[in-house]
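Protein chains: 2
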Amino acid sequence: MSDLLAEASALDARDPLGPHLDAFVEAPGVSAYLDGNSLGRPLKELPERLAEFVRGDWGTRLIRSWDEQWMDLPTELGDRIGRVAIGAAAGQTVVADSTTVLLYKLMRAAVHAPGGRNEIVIEEGNFPTDRFVAEGIAAERGLTLRWIDPDPVTGVQVGDIEAAVSERTALVVLSHVDYRSGALADMKAITDAVHNTGALVLWDLCHSVGVVPVELDACGVDLAVGCTYKYLNGGPGSPAFAYVNARHQGVLRQPIQGWMGAGDVFAMASAYAPSGGIRQFISGTPPVLGMLAMQGMLDLIEDATITAVRAKSKTLTDLVVRAVDEELAPLGVRTLSPRDAGRRGGHVTIGHPDFAEVTKTLWAEGVIPDFRFPDGIRLGLSPLSTSHTEALSGALAVRDALR
Amino acid sequence: MSDLLAEASALDARDPLGPHLDAFVEAPGVSAYLDGNSLGRPLKELPERLAEFVRGDWGTRLIRSWDEQWMDLPTELGDRIGRVAIGAAAGQTVVADSTTVLLYKLMRAAVHAPGGRNEIVIEEGNFPTDRFVAEGIAAERGLTLRWIDPDPVTGVQVGDIEAAVSERTALVVLSHVDYRSGALADMKAITDAVHNTGALVLWDLCHSVGVVPVELDACGVDLAVGCTYKYLNGGPGSPAFAYVNARHQGVLRQPIQGWMGAGDVFAMASAYAPSGGIRQFISGTPPVLGMLAMQGMLDLIEDATITAVRAKSKTLTDLVVRAVDEELAPLGVRTLSPRDAGRRGGHVTIGHPDFAEVTKTLWAEGVIPDFRFPDGIRLGLSPLSTSHTEALSGALAVRDALR
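Protein chains in written order, with the working numbering: chain A, 5 to 407; chain B, 5 to 407.
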């Protein structure tokens, strides 16, 4: 126990990202925030950034800002996410809509592909919205959903995919990091396995972007969607991003044809002609206000480097796994995440029948993890805003509440 | 000429909404902002509202705010818009997504209606995104688009609709206020004419909400979509709203099935079961940050009353029409809006072959109207943020730039 505290202090003392902890808004009454994997914390600089935006770009430049900067913001910000966090060369990433709406657009685009393939392979362990979208599309397009259900703790393996895909597969929909266990999938090997059958793959990056380095181009990924309000700290409901590999642009067509995705936005043309590049995946007016907060976090990640963020993520989750082994397991708590940090994303999930009640107690006390039905607690550790000491104190607070 | 100036001053002197002019952020260098119909101006209170949100609801309450308030925000804010601006009883309006995405959801829901009706009647003069969405849906669902093309200045009439709708019509898509001319449609008479054939009607309220009183319930409207960044001043790309009349809820199904529209959001269920009410029209995580700015404007409209806003809108547009007649028509400027204020929304459109060049000159000088291809200038007059003197000076600046 005192070993754990000493270890946490030592890790913090030599943490190269330590100075960034002070960049986030303080939360009076909160002693441990362990839900950065659901909603990242705001930066202290944000109120001033927003005030300048309201008075300047919006309030003074007014409608002129569309010409001056906002029209290109969805693709510029997409390129930036591509460069800083997901290994995507420019022109393939765009910020727009919610994760759900982008999943719909990309899945619909993918299953419109020629070739008569009529199956979507999808994991039971995908986040509900991914499954719900696929279920709706399968019903409307007359496709079959082929479910796979790997062990959530070990996560999806190449063998699971090889056993499920075939010449009937149009699309495979997978999560890079499992939202339940944090299991990290082997993106390159699985993408290759999908491509061997001629199908496309769509990766959900919601639980990896900003905490695990992603290499979409290097892995030859076809399509990806990710969330910006978790480890990119974009704020509640900030818009998601979509990645469409350059080789598919101009080939795959998304169904929600809107003026902002047209080739000439202000021509007021009588028929829709899509923009040639990634811009075609935009539909309506981009949510500019919702794109401001994540910019400060992208600055931080670029400065710290995603490699250093990942390194700290591993020491954070390793420390928590050790604390669970030593202090919580004796109380009947199960570890529901991979034990190897290399196979894990940024959160650690633990289980106990009393966790619904325990979470209520913890929230009231200012210790804030995430409860997931039926009996899981996720300890989400956002490396730039969380110290090892805070992570450990959160884990130990779970123990104390259980007692 | 001096008559016009005196008239403007007199109107301002007795303007009951005059005191609200000071509520908006000042724009140094801008002498006349005439584009509130594209992007409404921010309120002075907004930076503080945003800062409090960042430090409090987001930064301190953190994930707990979803339970405490954000989960219900889309329907609460929808109800508020319903009450203040569009004549909709509670439980029928929701804020979510962009106008384009909501148009897609509602049109898809409407053409899924049973009965074998296979035509969408739609106006050539609808805003491009409405037409593009309908075009895409018609192609994917095997429907026919039946175009109507009323004179844009007089706008769509009951007779135009009666001539186009039939027992083959599934849906009629119309704009309440024409984005080009400002022509105001007779919502009640047209809705009745559509219903006489058994079809549904979807009204686009983008150019009327917040400036013209709308009575959706009283008119028996089926579906409506509206924008919040024009006369509701929600900021660039703020989320739109959708209205689905209670009689259609639980019957019409929208296609983008997401976790936030499910009956039990956190059950993480294996199959999608939609929420019973208007909530089913939500798909992904609501854009909370984008819902903040419009709240201050709704306060203002509620305080001023939409009736008083409409009354000032008429005196503003009447004054501009008179200025055009007296000062701009002699230079060859055409009036492209209805001359009767009762048949007009909040903007006045004028035409001249040189207006593309004129708009560039005006923008550089801090007079900001809206140019629309090929040769129109729209003078958008947002009653709460625009004085009669400002409106007149903008119109006269167009004259000066033409000379």
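Derived from the structure by calculation, the hints contain no laboratory data. Errors might be hidden in some of the hints.
Sample of chain A residues facing chain B (criterion: CB under 10 Å; computed from the structure) [stated by the list, open to error]:
1. Trp70
2. Asp101
3. Gly146
4. Leu147
5. Asp307
Think of the CB as a built atom: it goes at the ideal place given N, C-alpha and C, for glycine as much as any other residue.
Right, here's what the structure says about each hint:
1. Contact between A:Trp70 and chain B, as hinted, is supported at the beta carbon level, the nearest pair being about 7 Å apart and thus within 10 Å.
2. Proximity of A:Asp101 to chain B holds as hinted, the smallest CB-CB distance being about 6 Å (cut-off 10 Å).
3. For the restraint placing A:Gly146 at the interface with chain B, the shortest Cβ-Cβ distance is roughly 12 Å, beyond the 10 Å limit, so the hint is violated.
4. Interface hint status for A:Leu147: violated, as the beta-carbon distance to the closest one in chain B is roughly 14 Å, over 10 Å.
5. Because the smallest distance between the Cβ of A:Asp307 and any Cβ of chain B comes to about 21 Å, over 10 Å, the interface hint for this residue is violated.
Comparing the model with each numbered hint stated earlier shows that hints 3, 4 and 5 do not hold.
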